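> Letter by letter, the chains look like this.
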Amino acid sequence: MSTTMLYSLTGLALFVYGFYGLLASSHLLRKILALNVMSTGVFLILVATSYRQAAAAVDPVPQAMVLTGIVVGVSTTALALTLACKVQENSNFKNRMAGKNTQSERFSGG
Amino acid sequence: MSTASGWIIVPIVVPLAAGIFTFISGRWAFAAALTAAGVNFVSVGILLRQLFLSGPCDYWIGGWQAPLGIRLWLDGPAALMLAMTAITGACITLYGRGYFSFRVAYPTRASRHERQQRYFETLWLLLWGAINGLFLSADIFNIYVTLELVAVAAAALTALSGRPASQIAALRYLMISLLGSLSYLLGLVFIYRTYGVLDLQLIRGLVAGVPAVKAALALMSVGLLLKSALFPMHFWLPPAHANALAPVSAILSGLVVKTSLYLLFRFWFEIFTPVVSVKAVTLLGILGTGAIIWGGLQAVRHIRLKMLIAYSTVSQIGYLFLAFPLAGLDGSTPVWSMVIFMALSHSCAKAAMFMAAGAIFLHVGHDRIPELAGVRTYLPVASLAFAIAGVNIVGLPPSGGFIAKWLLLSAALRSGAWWWGIIVMAGSFLAAAYIYRVIRQLLVIPENQQLAVRQPHSALLEWPALFLAVTALVLGLMAPLPLALLDSGNRVLAACANMPGGLP
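The listed protein sequences derive, respectively, from chains A and B.
Per my numbering, the first sequence starts with residue 1091, numbered consecutively.
Per my numbering, the second sequence starts with residue 7, numbered consecutively.
Take these hints with a grain of salt, some might be off.
What the hints assert, rightly or not - Output of the computed footprint for chain A on chain B, the stretches with three or more beta carbons under 8 angstroms from beta carbons of chain A:
1) 157-166
2) 181-195
What the hints assert, rightly or not - On the chain A side, residues computed to face chain B include the following (Cβ under 8 angstroms):
3) G1111
4) L1112
5) A1114
6) L1119
7) K1121
8) S1129
9) V1156
10) L1157
11) T1158
12) I1160
13) S1165
14) L1169
15) L1173
16) K1176
17) N1180
18) A1188
It should be emphasised that the hints constitute simulated quantities derived from the structure, not laboratory data.
Predicted, not measured: the structure shown is a model, and the values here were computed from it.
We treat Cβ as the ideally placed atom computed from N, Cα and C, and that holds for glycine.
Kindly produce the complete structure, drawing on both the sequences and the hints.
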């Protein structure tokens, strides 16, 4: 088995593992991390793809794609984390209010 | 094969630039948004004219040529989707102004609404630029980037209302979108490993039925299906669309859903056609059937108006997928006409419905259908807009929805697959049932019942909805125009395909 193949299969395994994590875990943070593991898997395959036979130079296109992908991943993760924080805050608030039993449905437009 | 046109970058660059500007300058935000909408409208008009005169055109960004360069490509379907976005988008921009002005004037929490308005304009313009970019991209990696841009902006817009329900829906929507994008990206990697190119036309010239490409198409399609919310992967759509603010719902249902569907159709029927099998298109048709029936039944059942409209979207997405088995893989029938017509009329009609529902919500304070009787007396224009849009969704003549269903039906009968025709009819009956539920409440004026309605009206809250609804209606009368446009694109394309060297 060639090195490229080894890296690619590892990447594929990470992708599948991340997907399993996304489905299996209920905690929001874990789900976001699972998505990150999946994207890392794809990036690993891309990096492995850029290797060309021994003497030739490395193919720069997949590396450019990985760089773009990392930038995209950072921003989407940031947004997902922000939303997860908001959701968590709301559920904390709700739990506190449920303790006092005074929570009423509030109209705030639609 | 075609003339390079600098106008092609305007619909991408102008909304993005205006989006950034609105973020910096709060005061001129609406003026900037309106200018961007106007410029976009004009540039799309010019592009349509060029398409009529000289056929599809492309543009190499920065002058870099294939295989390294990134290409933008305008053909018939892309131009019509751009036109759809330009019209619906301009109306949504105006409506957004009316909507947020109303909320600022009659606040539940004052400072929040002003902030929401500002973020709405920024995010909406960024989303608009991303959608236009997606329609014009001719490069699978560039498409991935635009998909992510659309996902991020759409999820942020969904969360804009700040209510817990919409935040949970937005997070779920974002995760589903990211999962879809990653699946698409993995498919893209398979293609790059096999062929070493990213440009759609280059791939089209190389594609053969090898396992790697089949796997790639499967992965990309699953990703795009998740994003376009085909039954049974629709579960995230109704909460996200129903809990968002009304202008956002109009954007999500009218425009965002169409993007991944457009890509799916382009991939299956233009680029990867040798890999697509009859079984696969039949499967999509069956899932589409499930969507039509399930979405329709849920829409009939729901009490809340926005939930009803959201499930109606699920059902109408089913129609778009019904076009897959009917389009024919042999290229004998003009495959795009059904999908484009359905997309155009649904986009205008559904945006109009959400706008009308938003106006009703603002004035009445809720959207529970049984308690909406008599709204017509307070909001005549919005009620009329909803009714006309409803005509479109049901598919009565002379609306664009009627033409779309007519094309589906005639394709079903022509190919002898009459059972798809039955499903088209059944879906229409369901649509008639749920639309009637609403219209009956809107148009009836009960005796001695007073609705608590917040006055006064804002013209921007009602007229954009009516304009869109009428556009969708008139689309049926102007049917030859888009069809000719699609045809002119195809003719030039066919001429190119017959050339000795194939497509350049």
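> So, for every hint listed, does it hold in this structure?
Hint check:
| no. | hint | in the structure |
| --- | --- | --- |
| 1 | 157-166 | holds (count 5) |
| 2 | 181-195 | holds (count 7) |
| 3 | G1111 | violated, 12 angstroms |
| 4 | L1112 | holds, 7 angstroms |
| 5 | A1114 | violated, 14 angstroms |
| 6 | L1119 | violated, 12 angstroms |
| 7 | K1121 | holds, 6 angstroms |
| 8 | S1129 | holds, 6 angstroms |
| 9 | V1156 | violated, 10 angstroms |
| 10 | L1157 | violated, 12 angstroms |
| 11 | T1158 | holds, 6 angstroms |
| 12 | I1160 | violated, 12 angstroms |
| 13 | S1165 | holds, 6 angstroms |
| 14 | L1169 | holds, 6 angstroms |
| 15 | L1173 | holds, 4 angstroms |
| 16 | K1176 | holds, 5 angstroms |
| 17 | N1180 | holds, 4 angstroms |
| 18 | A1188 | violated, 13 angstroms |
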